[in-house]
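Enquirer: In case you want the letters, here they are:
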Amino acid sequence: MKEEKRKVYYLFSPFLRIFHWIMVLAIVVLFITGLLITKPVTVLGIEPTYTSMSMDWVRNIHFIAAFTFCAAFILRIYGFIVNKGDRLFPRVWEGHFYSETIDVAMHYMLLKPSHAPFLRNPLARMSYAGLYVMVLVEILTGFAMYYMTEPSNIGGVLFGWVNVVLGGEMVTHWVHHIVAWLIILFAIGHVYMVLRADLMEAEGEASSMFSGVKFLEHVPKDANEVEPAKDAK
Amino acid sequence: MDKRESMWDLYLKKGMSRRSFVKGCVALTSLMGLGMDQVSRVVEAAEKKPLPVVVWIHGHECTGCDESFIRSGAPLASDLVLSQIALEYDHLLSAASGEPFEAHLEETIQKYKGQYILCVEGAACTKDNGVYCMSGGHTFTHTLRHAAENAAAVIAYGTCAVSGGIQAAKPNPTGSSGIAHFAGKTPVVHVPGCPPIPEVMTGVVMHVALFGTVPPLDGEGRPKQFYGNRIHDTCYRRPFFDAGMFAESYDDAGSKAGWCLYKLGCRGPETYNSCGNLRWFQGMSYPIQSGAPCIGCSNAHFWDEGAMSERLPKFAPPIGDVDKIGAGLAAVTAVGVAAHAAASVVQKKKRIADEKKNEGAGE
Numbered sequence: 001m002k003e004e005k006r007k008v009y010y011l012f013s014p015f016l017r018i019f020h021w022i023m024v025l026a027i028v029v030l031f032i033t034g035l036l037i038t039k040p041v042t043v044l045g046i047e048p049t050y051t052s053m054s055m056d057w058v059r060n061i062h063f064i065a066a067f068t069f070c071a072a073f074i075l076r077i078y079g080f081i082v083n084k085g086d087r088l089f090p091r092v093w094e095g096h097f098y099s100e101t102i103d104v105a106m107h108y109m110l111l112k113p114s115h116a117p118f119l120r121n122p123l124a125r126m127s128y129a130g131l132y133v134m135v136l137v138e139i140l141t142g143f144a145m146y147y148m149t150e151p152s153n154i155g156g157v158l159f160g161w162v163n164v165v166l167g168g169e170m171v172t173h174w175v176h177h178i179v180a181w182l183i184i185l186f187a188i189g190h191v192y193m194v195l196r197a198d199l200m201e202a203e204g205e206a207s208s209m210f211s212g213v214k215f216l217e218h219v220p221k222d223a224n225e226v227e228p229a230k231d232a233k
Numbered sequence: 234m235d236k237r238e239s240m241w242d243l244y245l246k247k248g249m250s251r252r253s254f255v256k257g258c259v260a261l262t263s264l265m266g267l268g269m270d271q272v273s274r275v276v277e278a279a280e281k282k283p284l285p286v287v288v289w290i291h292g293h294e295c296t297g298c299d300e301s302f303i304r305s306g307a308p309l310a311s312d313l314v315l316s317q318i319a320l321e322y323d324h325l326l327s328a329a330s331g332e333p334f335e336a337h338l339e340e341t342i343q344k345y346k347g348q349y350i351l352c353v354e355g356a357a358c359t360k361d362n363g364v365y366c367m368s369g370g371h372t373f374t375h376t377l378r379h380a381a382e383n384a385a386a387v388i389a390y391g392t393c394a395v396s397g398g399i400q401a402a403k404p405n406p407t408g409s410s411g412i413a414h415f416a417g418k419t420p421v422v423h424v425p426g427c428p429p430i431p432e433v434m435t436g437v438v439m440h441v442a443l444f445g446t447v448p449p450l451d452g453e454g455r456p457k458q459f460y461g462n463r464i465h466d467t468c469y470r471r472p473f474f475d476a477g478m479f480a481e482s483y484d485d486a487g488s489k490a491g492w493c494l495y496k497l498g499c500r501g502p503e504t505y506n507s508c509g510n511l512r513w514f515q516g517m518s519y520p521i522q523s524g525a526p527c528i529g530c531s532n533a534h535f536w537d538e539g540a541m542s543e544r545l546p547k548f549a550p551p552i553g554d555v556d557k558i559g560a561g562l563a564a565v566t567a568v569g570v571a572a573h574a575a576a577s578v579v580q581k582k583k584r585i586a587d588e589k590k591n592e593g594a595g596e
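Just so you know, the protein sequences line up as chains A and B, in that order.
Under the working numbering, think of the first position of the first sequence as 1, with each following residue one higher.
Under the working numbering, think of the first position of the second sequence as 234, with each following residue one higher.
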């Protein structure tokens, strides 16, 4: 192999990284317990009196995971404030965003052999924005169901309108369930795209969510959005 | 009926004691879902307030709400109609009919302008100028608008009057809807249910009658004291839900043992009503107690929210169940991802080969 000169770019603050892994864990737990709540299983065909399939527990785990996830957003927001590299919102207000997106999309459709180097490519950023929208829908619909045990309470007042806007609490359940599946579809695509990028470009895409840094050979197009690079040791 | 009598006047007329009057007021207080600190207010109102004039009209419906109403046990519907309200006009319960009867409606509206309570049952039919629901030579929407404009308050009884009910189920051929937007500026109380619980019906009209104001309402215009709880949260079968003990079919051992009906599509978790608290017919029973899952009859669009025996609405066949679609899409995505990965590897090999060739040519 020939010697490659690479530069180290510090991207993700520890706050974002911790948030990310809390989110991963929470989504896995929320998804599994959510499916169990929708369709409670009968364990091994045994009379439920003698099994430990307690809806109460399943629901409590679901709620704890949900509250942990929401609380973790404090880390995400703090990281966003203190670290430029955490600011991942697609820069749709900048003209070059669109041509760059097309460039990356062409590569992903296997129509171009490679795409321009990015620290965080515009298509990925759009998918994260989409994920946050889905997460927001889950939070709103989730709390709308959770807090309506007492509609006059502050929680019911803050989230009760969701049921009205969606046209009924049944629809809220349905939306919550469908969007949960969409998030899982996103996760499959996300894990694949990250691993693919790691294999194709070997720029530390996967490890960046542990170390916070990426190694790039070429100067990325979005280098101006983060701190200046250091030479790799 | 120029000097209008109060409830106390009627008690005196009938020779009933002060004691029984106060007892009646205490009963009324609890039936209206109020705390016992409100008894004195109720007594005061019952002493002084003339009996409220009530006009009761019927639109697109089955009159099942009346069937429910006349089964009210406390207060007895007969007591309410004969001695606690002055029911001047009622399509169903009035003995009179024909032109004099219709003239009496107009007379009542003019005489008690801004004072009477308008009770409405049934949906407003709006398509083709409302010709699919006529009575007394007028469309229902015409009568409704006229009566509601001059009323002190409008009470919408039943899911039909609140949100259209069965008439408004897809495809809603008559353009039926709730009556609220025909009421103009008059306050509307929503009392949904198919039918509403009898004691809820009498309780709401008594509240408006005695206090002259509508009861505290939630975001959907329903009285909080009767619609403030989800059936699921007040259900006596809730412990079976929490313990994961579910009836799997209508005739299995779990069903006989009275376990939770969640898996049979019970709408308790989405439905706000007093079934769990008050139950029906003086606390005798309610649907879930009789072994039938709640169908969510006090929800606006319960006819259209999927099969009533299904937990979640399904998509049209052959797609069907949401989880099946989800799992299917996940599998398709995984296969797509694998194919894309394979193609990407091929592409990368080709790119490296090309680069090498170019480098070779360059040197």
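None of these hints come from the bench; they were simulated from the model.
Note that beta-carbon positions come from the ideal geometry of N, C-alpha and C, so glycine has one too.
Any given hint might turn out to be false.
PhoX-like cross-link-like pairs, simulated, lysine-lysine; straight-line CA separation at most 25 Å [claimed, not checked]:
id: 1; chain 1: A; residue 1: Lys5; chain 2: B; residue 2: Lys582
id: 2; chain 1: A; residue 1: Lys39; chain 2: B; residue 2: Lys346
id: 3; chain 1: B; residue 1: Lys282; chain 2: A; residue 2: Lys39
id: 4; chain 1: B; residue 1: Lys590; chain 2: A; residue 2: Lys5
id: 5; chain 1: B; residue 1: Lys346; chain 2: A; residue 2: Lys112
id: 6; chain 1: B; residue 1: Lys256; chain 2: B; residue 2: Lys346
id: 7; chain 1: A; residue 1: Lys112; chain 2: B; residue 2: Lys589
Residues of chain B clear of chain A, computed beta-carbon distances all greater than 12 Å [as the list claims (entries may be wrong)]:
id: 8; residue: Pro308
id: 9; residue: Glu321
id: 10; residue: His375
id: 11; residue: Ser523
Some chain A residues close to chain B (C-beta under 10 Å, calculated; not the full set) [stated by the list, open to error]:
id: 12; residue: His20
id: 13; residue: Met23
id: 14; residue: Val24
id: 15; residue: Ala105
id: 16; residue: Met106
id: 17; residue: His107
id: 18; residue: Thr149
id: 19; residue: Asn163
id: 20; residue: Val164
id: 21; residue: Glu169
id: 22; residue: Leu195
Enquirer: Evaluate each hint against the coordinates.
Expert: Okay, the hints, checked on the actual structure:
1. With a C-alpha separation of about 22 Å, the suggested pairing of Lys5 of chain A with Lys582 of chain B holds against the 25 Å cut-off.
2. Restraint check for Lys39 of chain A and Lys346 of chain B: not satisfied, since their Cα atoms lie roughly 55 Å apart, outside the 25 Å limit.
3. Using a Cα cut-off of 25 Å, the hinted pair Lys282 of chain B and Lys39 of chain A is violated, with the two alpha carbons roughly 54 Å apart.
4. The suggested pairing of Lys590 of chain B with Lys5 of chain A holds, with an alpha-carbon distance near 22 Å, which does not exceed 25 Å.
5. In summary, the hint linking Lys346 of chain B to Lys112 of chain A is not supported, as the alpha carbons are separated by about 78 Å, beyond the 25 Å threshold.
6. At most 25 Å may separate the alpha-carbon atoms for a hinted pair to count; Lys256 of chain B and Lys346 of chain B exceed this at roughly 33 Å.
7. This hinted pair checks out: Lys112 of chain A and Lys589 of chain B have alpha carbons roughly 17 Å apart, not beyond 25 Å.
8. Against the 12 Å criterion, Pro308 of chain B stays outside the reach of chain A, whose nearest CB is about 27 Å from its own CB.
9. No beta-carbon of chain A comes within 12 Å of the beta-carbon of Glu321 of chain B; the shortest separation is about 35 Å.
10. With a closest Cβ-Cβ approach of about 29 Å to chain A, His375 of chain B is found to remain outside the 12 Å limit, as its non-interface label requires.
11. The non-interface label for Ser523 of chain B is consistent with chain A: the shortest C-beta to C-beta separation is roughly 22 Å, beyond 12 Å.
12. Checking His20 of chain A against chain B by beta carbon gives a least distance of about 20 Å; that is not within 10 Å, so the hint is violated.
13. Given hint, Met23 of chain A at the interface with chain B, is violated; its Cβ is 19 Å from that chain's nearest Cβ, farther than 10 Å.
14. Given the 10 Å rule on beta carbons, the hint for Val24 of chain A is violated: about 17 Å separates it from the nearest Cβ of chain B.
15. Checking Ala105 of chain A against chain B by beta carbon gives a least distance of about 13 Å; that is not within 10 Å, so the hint is violated.
16. With 10 Å as the threshold, the beta carbon of Met106 of chain A stays out of range of chain B, its nearest partner Cβ sitting at about 12 Å, so the hint is violated.
17. A cut of 10 Å between beta carbons decides the hint on His107 of chain A: the least distance to chain B is about 9 Å, and the hint holds.
18. Of the supplied interface hints, the one on Thr149 of chain A holds, with its beta-carbon coming within about 5 Å of a beta-carbon of chain B, less than 10 Å.
19. With its C-beta approaching chain B no nearer than about 8 Å, Asn163 of chain A sits inside the 10 Å limit, and its interface hint holds.
20. For Val164 of chain A, the interface hint holds, since its Cβ comes within 10 Å of a Cβ in chain B; the closest pair sits about 6 Å apart.
21. The beta carbon of Glu169 of chain A comes within 4 Å of a beta carbon in chain B, closer than 10 Å, and the hint placing it at the interface holds.
22. Given hint, Leu195 of chain A at the interface with chain B, holds; its Cβ is 8 Å from that chain's nearest Cβ, closer than 10 Å.
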